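**Q** First to last, the sequence lines map onto chains A and B. Mapping to my numbering: the first sequence position 32 is 32, numbers consecutive. Mapping to my numbering: the second sequence position 30 is 1030, numbers consecutive.
Source of the hints: derived by calculation from the structure; they are not laboratory data. Incorrect hints may have been included.
Short derived list, chain B residues pointing at chain A, Cβ under 8 Å [to be verified]: (1) T1014; (2) V1018; (3) Y1019; (4) I1102.
Have a look at the derived ranges for each label pair, beta carbon to beta carbon [claimed, not checked]: (5) B:V1011 x A:D35: 34 to 40 Å; (6) B:V1108 x A:G83: 18 to 24 Å; (7) A:G3 x B:W1092: 45 to 51 Å; (8) B:V1073 x A:W58: 32 to 38 Å; (9) B:A1077 x A:G118: 32 to 38 Å; (10) A:L87 x B:V1108: 30 to 36 Å; (11) B:L1067 x A:V117: 39 to 45 Å; (12) B:W1092 x A:A76: 29 to 35 Å; (13) B:W1092 x A:I88: 22 to 28 Å.
All of these numbers come straight from a predicted model, not from anything done at the bench. C-beta: ideal position from N, C-alpha, C; glycine also.
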Amino acid sequence: MIGAVAIGVAAGVLAGLVGVGGGILFVPALALLLDLGQLEAEATSLLAMVPVAVAGAWRQRSYGNLRLAEGLSLGALSFAGVGLGVLIAESVSERALEVGFALVTLLVALQLVRRAVGSGDEHDSRAAAA
Amino acid sequence: MPPRRTLQLAVVGTAAGVYSGLFGVGGGTIIVPLLVLWLGYGEREATGTSLAAIAVIATLAAAAHGLEGNVRVAEGALVGVPAVGGVLLGTWLQQRVPVRVISLTFAVLLTAVAVALLWP
């Protein structure tokens, strides 16, 4: 239980630093430390993420990093995708969800490494997209 | 907001929504790169705006999962409430510790998590 609280704090630190909601650490904390099933861990992670994302967005707003109207529009326009995602999660096996989530974890680890190695190339990537 | 921009936001939102509902994460992994590469955001703006989107997406997805009876509220509070303190600590640390060091530390932690999950 202390481990779960510690992972909660770590998830928040990651959220504050990188701008994610913390779910990438909530899900394994709930599944591995509190013995929830993978589906329950994922669903519960989403609930835990709401206050974290609100606090993070509020902090970022004070730094002038938030386009609120577009962020809220993006969120509201996700409803169909959310429904589809939940439907798929409900219909596949726990093990398939677990393996899929592990792959997502590796993807995020890779993104963090790229960010650490390539910090400062923001202008390059924007030029490439233009 | 011009229709083309609304459509772009809808595409990003739909992709993030599937990812979020399926894996229990917010979708920032998908949202941030798409905002930067497709909608012309700077990295920091994308990060901040992504968090606002995640607040809405996570609420919708938690509600949908809640209807299916998958959400455990007490366990959610156990990790979610300390995390709010963690967010404030994270933004404080950001000003004092090289982000590169922290990013690599978390990359190692996440790789260990993936191994633990894949272990049969």
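**Q** Taking the CB of B:V1011 and the CB of A:D35, does the distance hold inside 34 to 40 Å?
**A** Since B:V1011 and A:D35 have Cβ atoms about 38 Å apart, the given range 34 to 40 Å holds.
**Q** Under the criterion of a CB-CB separation shorter than 8 Å, is B:V1018 in contact with chain A as hinted?
**A** holds (4 Å)
**Q** I want to verify a distance hint. Is the separation of the beta carbons of B:V1073 and A:W58 within 32 to 38 Å?
**A** violated (23 Å)
**Q** Within 30 to 36 Å or not, the Cβ separation of A:L87 and B:V1108?
**A** holds (34 Å)
**Q** Quick check on a hinted range of 29 to 35 Å for B:W1092 and A:A76, using CB atoms only.
**A** This hint holds: roughly 31 Å between Cβ atoms.
**Q** Taking the least C-beta to C-beta distance, is B:Y1019 closer than 8 Å to chain A?
**A** With a minimum Cβ separation of about 7 Å from chain A (threshold 8 Å), the hint on B:Y1019 holds.
**Q** With respect to the beta-carbon atoms only, verify the hint that B:A1077 and A:G118 lie 32 to 38 Å apart.
**A** At roughly 37 Å between Cβ atoms, A:G118 and B:A1077 fall inside 32 to 38 Å, so the hint holds.
**Q** Does the Cβ pair B:L1067, A:V117 satisfy 39 to 45 Å?
**A** At roughly 42 Å between Cβ atoms, A:V117 and B:L1067 fall inside 39 to 45 Å, so the hint holds.
**Q** Please check whether A:G3 and B:W1092 have a Cβ separation lying inside 45 to 51 Å.
**A** At 23 Å between Cβs, range violated.
**Q** Can we keep the B:T1014 interface hint, with Cβ of chain A closer than 8 Å?
**A** holds (4 Å)
**Q** Would you say the C-beta atoms of B:W1092 and A:I88 sit inside 22 to 28 Å of each other?
**A** At roughly 38 Å between Cβ atoms, A:I88 and B:W1092 fall outside 22 to 28 Å, so the hint is violated.
**Q** Are B:V1108 and A:G83 spaced within 18 to 24 Å by their CB atoms?
**A** violated (35 Å)
Taken one by one, the earlier hints fail for this structure at numbers 6, 7, 8 and 13, listed in ascending order.
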